[in-house]
Amino acid sequence: MVRFVRTLQHRVTPQGRDFYALSIPPQVAEALGLQDGGQVTIEVKPIRKGVSEIVLKAGEA
Amino acid sequence: MVSFTRTLQKHITKTGTHYVLSIPREIAQDLQLEAGGLCSLEVRERPKGKAYVALTPYQKDPLYIRQFNAEKLADYDEPLMKTIPLEEPITKGRSQAVNSQQFKLFIAASKLAFKYIKAQLDIMRSTKSGRAALVIAFRKRGF
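As given, the protein sequences belong to chains D and B, one line each in that order.
So for the first sequence, the numbering used here puts the first residue at 1; every next one is plus one.
So for the second sequence, the numbering used here puts the first residue at 1; every next one is plus one.
Keep in mind that the hints were calculated from the coordinates and are not lab data.
It is possible that some hints are incorrect.
[To be verified] With a cut-off of at most 25 Å between alpha-carbon atoms, the simulated SDA-like pairs for lysine to any residue come out as follows:
| # | chain 1 | residue 1 | chain 2 | residue 2 |
| --- | --- | --- | --- | --- |
| 1 | D | K45 | B | L31 |
| 2 | D | K57 | B | G49 |
| 3 | B | K82 | B | G49 |
| 4 | D | K57 | D | R3 |
| 5 | B | K10 | D | R3 |
| 6 | B | K104 | B | I117 |
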């Protein structure tokens with residue numbers, strides 16, 4: 001298992017909306033098979049009661 | 001199960017290629033990072049399938065570095081290298097896995113230790129009393 005630490009950036013748009021962006025390491029993009037970018041599915045999976053895991057997967061083309 | 005779809009954007013700059021992913025507000029809330037902050041990305045392999053990435057809030061405890069114990073060098077009972085917790089992880093610069101960062105910091109600390117010991121030995125070897133002290137020190141260390 002390879003682990004990276006990144007900062008989740010928070011910005012507020014001129015319209016007053018919250019915007020979050022995360023820098024993705026190239027190694028992670030490669031592991032997802034998305035070297036050229038593309039669709040990513042972000043899933044919140046419940047593991048057990050009150051605990052969930054956030055999973056990033058390459059989206060369907 | 002809640003699911004979102006976002007586009008992983010590829011940016012090519014002078015410093016290299018980097019990727020940015022927009023994160024939904026609900027995910028930031030789930031991570032308890034409404035104001036932004038550190039998070040961990042873990043690449044997990046499946047036996048027969050594509051890899052997936054787990055996004056978790058950053059946990060401080062597993063990060064540590066080995067540092068040269070210069071101030072305790074005269075004390076024979078103290079180790080030459082000490083383990084200290086890394087307060088803030090490195091999130092800027094070239095992308096490196098956490099283990100790789102720790103290893104590079106360890107190599108840097110070892111090089112510093114070697115340089116320091118070599119300089120001390122050169123100073124001691126230059127005088128007769130220094131050489132005598134070296135012999136005593138080596139004997140104490142069991143050489």
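Cross-check of the supplied hints:
In summary, the hint linking K45 of chain D to L31 of chain B is supported, as the alpha carbons are separated by about 13 Å, within the 25 Å threshold. For the proposed pair K57 of chain D and G49 of chain B, the alpha carbon gap of about 11 Å is at most 25 Å, so the pair holds. With a C-alpha separation of about 41 Å, the suggested pairing of K82 of chain B with G49 of chain B is violated against the 25 Å cut-off. Of the pairs offered as hints, the one joining K57 of chain D and R3 of chain D holds, with about 16 Å between alpha carbons and a cut-off of 25 Å not exceeded.
With a CA separation close to 21 Å, the supplied pair K10 of chain B and R3 of chain D stays within the 25 Å bound. Of the pairs offered as hints, the one joining K104 of chain B and I117 of chain B holds, with about 20 Å between alpha carbons and a cut-off of 25 Å not exceeded.
Checked against the numbered hints given earlier, this structure breaks only hint 3.
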